[in-house]
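**Q** Just so we're aligned: 1559 in our numbering is position 82 of the sequence shown, and the numbers increase by one with no gaps anywhere.
No lab work stands behind these hints, which were simulated from the structure alone. Hints are supplied without guarantee of correctness; some may be wrong.
Beta-carbon label-pair distances, calculated as ranges [said to hold, decoys possible]:
(1) V1744 x Q1586: 40 to 48 angstroms
(2) F1777 x V1745: 19 to 27 angstroms
(3) G1767 x L1593: 15 to 23 angstroms
(4) G1609 x F1747: 28 to 36 angstroms
(5) W1619 x I1494: 46 to 54 angstroms
(6) I1784 x V1744: 23 to 31 angstroms
(7) E1480 x H1695: 28 to 36 angstroms
For glycine and all other residues, C-beta sits at the position ideal for the given N, C-alpha and C.
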Amino acid sequence: MIEALKPLVLAAVVTLILGPPVLAFLRRLKAGQTVRSDGPRSHLAKAGTPTMGGVLFLIGLTVSTLVLAPPSPLTLSTLILTWGYALIGLVDDGLKVILHRPLGLMARQKLGGQVLLGLVAGVAAMLWLGRGSVIQVPVTGWHWDLGWYYPLLAALLLVATTNAVNLTDGLDGLAAGITLWVALAYGILALTLGQGELVTFAMALAGGCLGFLVYNFHPARVFMGDTGSLALGAAIGFLAIMTRTELVLPVLGGVYVLETLSVILQVVSFRLTGRRLFRMSPLHHHFELGGWPESRVVLFFWALAIIMALAGLYLLTI
């Protein structure tokens, strides 16, 4: 277990060291975040905070994984996929904050890139990385061979996870803190499965998030942007794919699911009845507008993330 902590520590240290120069560069680039005018008024003070800070933990994750993981197609695949989704987010962020195109990438461009990467990842996992096309149904012990439908499931999973993390990234330290616990759960799971490369990757991901929180917890000095949120979602999604826990991910990453469901339910309720279920969605804003301080909301969701991660691990033992 001590060996498994090395990637976490190295990624955290690299992320911490890179913080000051990267933040200075983003300020010179004038990569400041714009803030929604219809959001909580307390968020208006965040306008201009540097974004695209996801590159910080991405570098920490990459350095730690390459230094400590056994060189293999799986190691490279996890990093390439994570950076691929990060690149989509980086382009989107750049268009918004540097070229001042408020909407960034067009929705179909962004979604198209995510689906394409997801399909490639599904095929690679099935044919080249030894994952196969069988999914396991938790608790029941059932197995289901999807054959060539598996890449479609993989793409759906990756697109859903990346966008769920993106929705979750609305408060200082929220997405990074939640992903820290989900990544730790996957590190423990991979350790029990004897998947050394995934142990290193998952723990390095947790370490990158931990180091990033020093700069991202309230009051945040930098935001991860879509660069970071899409990368985190891809990393978690691919961990689920390679550990064959696609159907357990909604429990392990239960907070992502709650945040996404709150948005869906809000839209459906308003269209059908003209009323909103929540003060504002995603769900974290509902608590904010209810008078909770931002840090309290974040810590509450972190605690919920820990409970869900433990529940997911327990589910795999039944």
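**Q** Does each hint hold? Answer for all of them.
**A** Results for each hint:
In this structure, V1744 and Q1586 break the distance hint of 40 to 48 angstroms, their C-beta atoms being roughly 22 angstroms apart. Distance hint check: the CB atoms of F1777 and V1745 are about 25 angstroms apart, consistent with the given range 19 to 27 angstroms. The supplied range of 15 to 23 angstroms is broken by G1767 and L1593, whose beta-carbon atoms lie about 40 angstroms from each other. For G1609 paired with F1747, a C-beta distance near 43 angstroms fails the hint of 28 to 36 angstroms.
Between W1619 and I1494 the beta carbon distance is about 47 angstroms. The supplied range of 46 to 54 angstroms therefore holds. For the hinted restraint 23 to 31 angstroms between I1784 and V1744, the CB-CB distance of approximately 27 angstroms keeps it satisfied. A C-beta distance of roughly 34 angstroms is found between E1480 and H1695, which places it inside the suggested range of 28 to 36 angstroms.
When each numbered hint is compared with the structure, violations occur for hints 1, 3 and 4.
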